[in-house]
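Trainee: Sequence:
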Amino acid sequence: MYKLGRGNRDKVQQFMAITGASEKVALQALKASDWHLEGAFDFFYSQPQISAVNTRHLEDIFNRYKEPDADMIMVEGVSQLCNDLQVEPQDIVMPYSPVWCEQLVISWHMKAATMCEFTRQEFIGGLQSIGVDSIEKFRAKLPSLRAELKDDNKFREIYNFAFTWAREKGQKSLSLETAIGMWQLLFAERNWPLLDHWCQFLQVRHNKAISRDTWAQLLEFVKSIDPQLSNYDDEGAWPYLIDEFVEYLTDNGLVQRTK
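Under full-length UniProt numbering, the first residue of the sequence shown carries the number 1, and numbering increases by one thereafter.
Hints are computed from structural coordinates only; laboratory data are not their basis.
Predicted, not measured: the structure shown is a model, and the values here were computed from it.
Here a beta-carbon is modelled for each residue, glycine too, at the ideal position from N, C-alpha and C.
Any given hint could be a false lead.
Cβ pair distances, simulated, as ranges [stated by the list, open to error]:
no.	residue 1	residue 2	range
1	ALA188	GLN217	16 to 24 Å
2	LYS111	ASP10	45 to 53 Å
3	GLY131	GLN184	26 to 34 Å
4	ASN153	ALA188	15 to 23 Å
Listed below are the simulated DSBU-like cross-link pairs for lysine-lysine, each with C-alpha atoms no more than 30 Å apart in a straight line [said to hold, decoys possible]:
no.	residue 1	residue 2
5	LYS169	LYS111
6	LYS172	LYS24
7	LYS111	LYS137
8	LYS111	LYS150
9	LYS111	LYS208
10	LYS172	LYS223
11	LYS111	LYS66
12	LYS154	LYS208
13	LYS172	LYS154
Let's have the full structure, built from the sequences with the hints guiding it.
Mentor: In structure tokens form, the structure reads like this:
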């Protein structure tokens, strides 16, 4: 346990016994209340997402899916979790395939650093944030998690998170295959009419990894430029790749550009 005097250690144990909270949550609440137990209880129960879940149940859930020889949930555990949640393989909330595994919205809540992996802290902290402590509650929460993608601010956060999360370790850019898969998942939710053309253009003309700047600027393009390109400024400060995409659309008659 965190180095504490005997009196404070006793308070931590008492708090955990009464609330069912983890040591981490107990320390957070007690520190916030200057080590007054009553104040710590008030703090704990005023945080609905924290107080609504039983941390011991979260530990049990994590242990169910973690690797036998590592304190991590890896691909096999994620696959089993998807099965238990009854999530379809191409579901944006937590899609899974044998080739790659994208737990996008869930991973955003968990602040996961790496695709297909959850540390104990990420997993338990994420479920606390979501406010669930059983697979049944988790499953029931999935529709509201999907609905978060309809919120412009959350969509932007999830979109930006996806670039770093989906990169291979040690890489600055996102592989083209992964980037296209992520765009197909994300922009299908937004019904972007040019999505298929964009993916085809990249495969035919680009065939290289995607930089963070291109990733970020594409979202601005999708949000600000209409599908007929009527408000696209050829002299604007768009990345070269997006300028090429506009040229590709017009040269191939895929868009009848209007002014």
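Trainee: The structure should be examined with respect to each hint, and the outcome stated for every one.
Mentor: Hints, one by one, checked against the model:
1. ALA188 x GLN217: 16 to 24 Å: For ALA188 and GLN217 the Cβ distance comes to about 20 Å; the hint holds.
2. LYS111 x ASP10: 45 to 53 Å: 32 Å, violated
3. GLY131 x GLN184: 26 to 34 Å: Roughly 30 Å apart at Cβ, these two residues keep to the hinted range, so it holds.
4. ASN153 x ALA188: 15 to 23 Å: Since the Cβ atoms of ASN153 and ALA188 sit about 20 Å apart, the hinted range of 15 to 23 Å holds.
5. LYS169 x LYS111: Distance ~16 Å between LYS169 and LYS111 Cα, so the pair holds.
6. LYS172 x LYS24: 33 Å, violated
7. LYS111 x LYS137: The given pair, whose Cα atoms are some 20 Å apart, holds under the 30 Å limit.
8. LYS111 x LYS150: 20 Å, holds
9. LYS111 x LYS208: OK: LYS111 and LYS208 at ~28 Å, within 30 Å.
10. LYS172 x LYS223: 25 Å, holds
11. LYS111 x LYS66: 17 Å, holds
12. LYS154 x LYS208: 28 Å, holds
13. LYS172 x LYS154: Given that 30 Å is the threshold and the Cα spacing comes to 24 Å, the pair holds.
The earlier numbered hints that this structure contradicts are 2, 6.
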